[in-house]
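Undergrad: Residues are numbered in my numbering as their position in the sequence shown, beginning at 1, plus a constant of 71.
Derived from the structure by calculation, the hints contain no laboratory data.
Since this is a predicted model, take the numbers as computed values, not measurements.
There may be inaccurate statements among the hints.
[Unchecked claim] Result set (PhoX-like, lysine-lysine): computed pairs, CA atoms no more than 25 Å apart in a straight line:
{"id": "1", "residue 1": "Lys319", "residue 2": "Lys308"}
{"id": "2", "residue 1": "Lys171", "residue 2": "Lys221"}
{"id": "3", "residue 1": "Lys221", "residue 2": "Lys319"}
{"id": "4", "residue 1": "Lys229", "residue 2": "Lys308"}
{"id": "5", "residue 1": "Lys221", "residue 2": "Lys315"}
{"id": "6", "residue 1": "Lys308", "residue 2": "Lys205"}
{"id": "7", "residue 1": "Lys319", "residue 2": "Lys205"}
{"id": "8", "residue 1": "Lys315", "residue 2": "Lys248"}
{"id": "9", "residue 1": "Lys205", "residue 2": "Lys221"}
{"id": "10", "residue 1": "Lys205", "residue 2": "Lys171"}
{"id": "11", "residue 1": "Lys229", "residue 2": "Lys319"}
{"id": "12", "residue 1": "Lys229", "residue 2": "Lys315"}
{"id": "13", "residue 1": "Lys171", "residue 2": "Lys308"}
{"id": "14", "residue 1": "Lys315", "residue 2": "Lys205"}
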Amino acid sequence: MVAFGSMKRALAAIVAVGAIGVMSPGNAQANQENWFIFGKNGLFNGQQQATQQATQPARAQRNVRQSRSFTSRGLTQQASIARQSSRPAVANQPYQPPEKFRRQLVDYYGSQPAGTIIINTNERLLYHVQPGGKAMRYGVGVGRAGFEWKGSANIRRKAEWPSWRPPQAMIERERLKGRELPAYMAGGPENPLGARALYLYQGGRDTLYRIHGTNNPRSIGLAMSSGCIRMLNDDVKHLYSNVKMGSKVVVL
Numbered sequence: 072m073v074a075f076g077s078m079k080r081a082l083a084a085i086v087a088v089g090a091i092g093v094m095s096p097g098n099a100q101a102n103q104e105n106w107f108i109f110g111k112n113g114l115f116n117g118q119q120q121a122t123q124q125a126t127q128p129a130r131a132q133r134n135v136r137q138s139r140s141f142t143s144r145g146l147t148q149q150a151s152i153a154r155q156s157s158r159p160a161v162a163n164q165p166y167q168p169p170e171k172f173r174r175q176l177v178d179y180y181g182s183q184p185a186g187t188i189i190i191n192t193n194e195r196l197l198y199h200v201q202p203g204g205k206a207m208r209y210g211v212g213v214g215r216a217g218f219e220w221k222g223s224a225n226i227r228r229k230a231e232w233p234s235w236r237p238p239q240a241m242i243e244r245e246r247l248k249g250r251e252l253p254a255y256m257a258g259g260p261e262n263p264l265g266a267r268a269l270y271l272y273q274g275g276r277d278t279l280y281r282i283h284g285t286n287n288p289r290s291i292g293l294a295m296s297s298g299c300i301r302m303l304n305d306d307v308k309h310l311y312s313n314v315k316m317g318s319k320v321v322v323l
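Modelling step: build the complete structure from the supplied sequences, incorporating the hints.
TA: As structure tokens, this is what we get:
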């Protein structure tokens, strides 16, 4: 019994020494070996928990930053969509000339009676005189160099969506430029006379000049016709509905 007690005390001493070796910071090898022995029962778990606790605030901060970033991008995208939806659809809007050439009612101080049409070719403006010292003003395109004309005439014919028969002189002139004009073109959106035409006569004779619409609205305000007066289709419709047959036209 004595021997057995001594052996028991010896084994207890060995275990105590081993335990001291594990906990001692100076015995690195014992620490490493006993890490695997005791780690599963608490040392490793404790270290892992400590590490997790240390990293949790950093992860939380990253998550917050990511959340803010996603939220910021989302708000930015929503703001961008809102701005785009509030913009007018420019691509589908018809061409609008400069303000000067848009239809508007203005004061008139001249001597011509109401109903007269006055065309100022230098200004590229047409005035339809109204009662009470007013005139409806329209932007127009006029004859290019060499095709200008001045004088007075009367409206003897009106046509909606007029057909077009180019004068023979125009056909030959354009042929020299390499462009073959048709002898006749039915009325319609592709017709260069546009939506309406007012035919100008002098002494009962057709001058071959017209006040008409155009399928080239960008020519309003320019001098590029063969002497005819061009108007936006909406404007020539408006003028057409307010002009009487026989009205006087003065070209300045």
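Undergrad: Return the numbers of the hints above that this structure violates; sort them in rising order.
TA: Hint check: 8 fails alone, others pass.
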